[in-house]
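Protein chains in written order, with the working numbering: chain P, 36 to 484; chain F, 40 to 141.
Be aware that a few hints might be false.
To be verified - Simulated pairs of lysine-lysine, PhoX-like, Cα-Cα distance not exceeding 25 Å:
1) P:K327 with P:K317
2) P:K181 with P:K291
3) P:K181 with P:K448
4) F:K48 with P:K448
5) P:K448 with F:K69
6) P:K477 with P:K291
In case anyone wonders, no lab produced these hints; they're calculated from the structure.
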Amino acid sequence: MVIDFLRQVFAERPQRTAVVWHERQYSYAHLLSRLDHWRTRLAREKVAPGSVTVLEADFSPEAIALLLALIEHGTIVVPLTPAVETRKEEFIETARGEVGFRVDGADEVQVCRPAFVSDHPLYDELRRRGHPGLVLFSSGTTGRSKAIVHDVSHLLRKYTTRRHDFTTLAFLLFDHIAGIDTLFYVLANGSCLVTVPDRSPDTVCRAVERYRVEVLPVSATFLHLLLLSGAHERYDLSSLRYIAYGSEVMPESTLKRCAELFPGVTILQKYGTTEVGTLRSKSESSDSPWVKIGGEGFRTRVVDGILQIKAHSAMLGYLNAPSPFTEDGWFITGDRVEVRGEYMRIHGRDSDLINVGGEKVFPTEVEDLILQLDNVADVTVYGEANPITGNIVCADVSLVRPENEQEFVARLKRFCREHLQPYKVPIRVSIVDRHRFSQRFKKLRRRQD
Amino acid sequence: MGQEIDIVKILYAAIDDLNLQLPPEQQLEKSTATVLFGDGGRLDSLGLVTFIVAAEQKLTESAGISLTLADEKAMSRRNSPFRTVGTLAAYIGERLAEGENE
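Please model the entire structure based on the sequences and the hints provided.
Here is the structure:
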């Protein structure tokens, strides 16, 4: 029922490539036949509608067919990727998985039964509605990961409107809201999804060249790594029409360089949260950090500088945390924004803000400036507790070429003092070999212990 | 006694570092009597924090000593160890005598 619109798209274009996986192309006819296979198999395995199913997989033809079959069968799906391998047991226990499916590297599926009892009130609500569910975990960089429960029939509604048919690269992960958004957008428009074995700049650029990828949805950190690696010069990227970035604040300098390097490409900022899904958005221009967000089913408002969203597709709630909604049903994103007419500028998580003696410092503003300094490869700015000023601004910098540390630090501070208010100038500057990224290619703004 | 002289030297190196970052009228003189913070001092709170971090780094670089100077222990003293270069050197000496070296 809930995926009938997708079955219709698949049936209309049986010969079209749906997925490129391990250099092989799989058609929509193949996807449809695997979906039917799994429909029969789930009944045979006696998987009950409304049960909690764990799907350990990455983007692959079998994983996609199985995900769709589990949704169609009315189960509550918990996708998990190898990126969360170390926390898998904890996640399965939190989600109370009843049946597990593991899609291995050869695209074969093993079935297991973790045998938890899933009697959470949010699950009961889904079962009462007779709707399939989806459980996603927040990245939990600031503490315990939250388990977010969605009603899939609400989540899928926005994809029933046909939009553009673009060959798209699956950069974002299978168990992440943005990865799920990429997947359903592609399937709903009968397009081709190109998967990659890893997410390094060269691998991604090679896939773009080889399969004439048109849409590249990535993180700001990836774009920065791409520019550093020079991979964009080694491959033909002329097929690209859109680069969509999101999930963290983009340094303005990186954005401007991308706009210069890819003049024919529209660079779009996306905005979404695991709790409410991905909003429709429109950047003011390719090199502008200002963006209009909203679209059907979404309303936005700003309260005390923090963005709030009311969404039809909002989650039912957290399995393991209190409701984050206001009494009138708005989700408090925790993202600090600036408003100019219809456009917004997203400054990042309020929790990333560094409070120096009552003055607020956005790490991205300082990072953005330092990136303009000669010989800087990358920089991560974060706060460190200090009893005198509450916090101090610290910067970990990696260099392009070796340079005397003392001279470099003096040069950096001088440059910052010329361009920033004194409280924003980093007090502790360290030269590091490499920066810390999460498995999702987001910069980690926490000091390593 | 020998240790305290070393510490003062290290603090002077931190002053050199800090002076590179300060406009001439705010620069500190290399003397144990130099007021760091408080009445008659030239540093504001950011300047003081910058100096303390520089001092911590110099202690590590030149003596292999790892100490957090600005902590609750220092802040809760009746007489601030950050009053002058001399009081800070004495405070560091005291912490080292207590066997502290993180």
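Hint-by-hint comparison with the structure:
1. Of the pairs offered as hints, the one joining K327 of chain P and K317 of chain P holds, with about 5 Å between alpha carbons and a cut-off of 25 Å not exceeded.
2. Between K181 of chain P and K291 of chain P the CA atoms are separated by roughly 35 Å; this puts the pair beyond 25 Å, and the hint is violated.
3. Only pairs whose Cα atoms come within 25 Å are accepted, and K181 of chain P paired with K448 of chain P is rejected, the gap being roughly 39 Å.
4. This hinted pair checks out: K48 of chain F and K448 of chain P have alpha carbons roughly 24 Å apart, not beyond 25 Å.
5. Pair hint K448 of chain P plus K69 of chain F holds up; C-alpha atoms about 22 Å apart against a cutoff of 25 Å.
6. Distance restraint check for K477 of chain P and K291 of chain P: the Cα-Cα separation of roughly 19 Å lies within the 25 Å cut-off, and the hinted pair is therefore satisfied.
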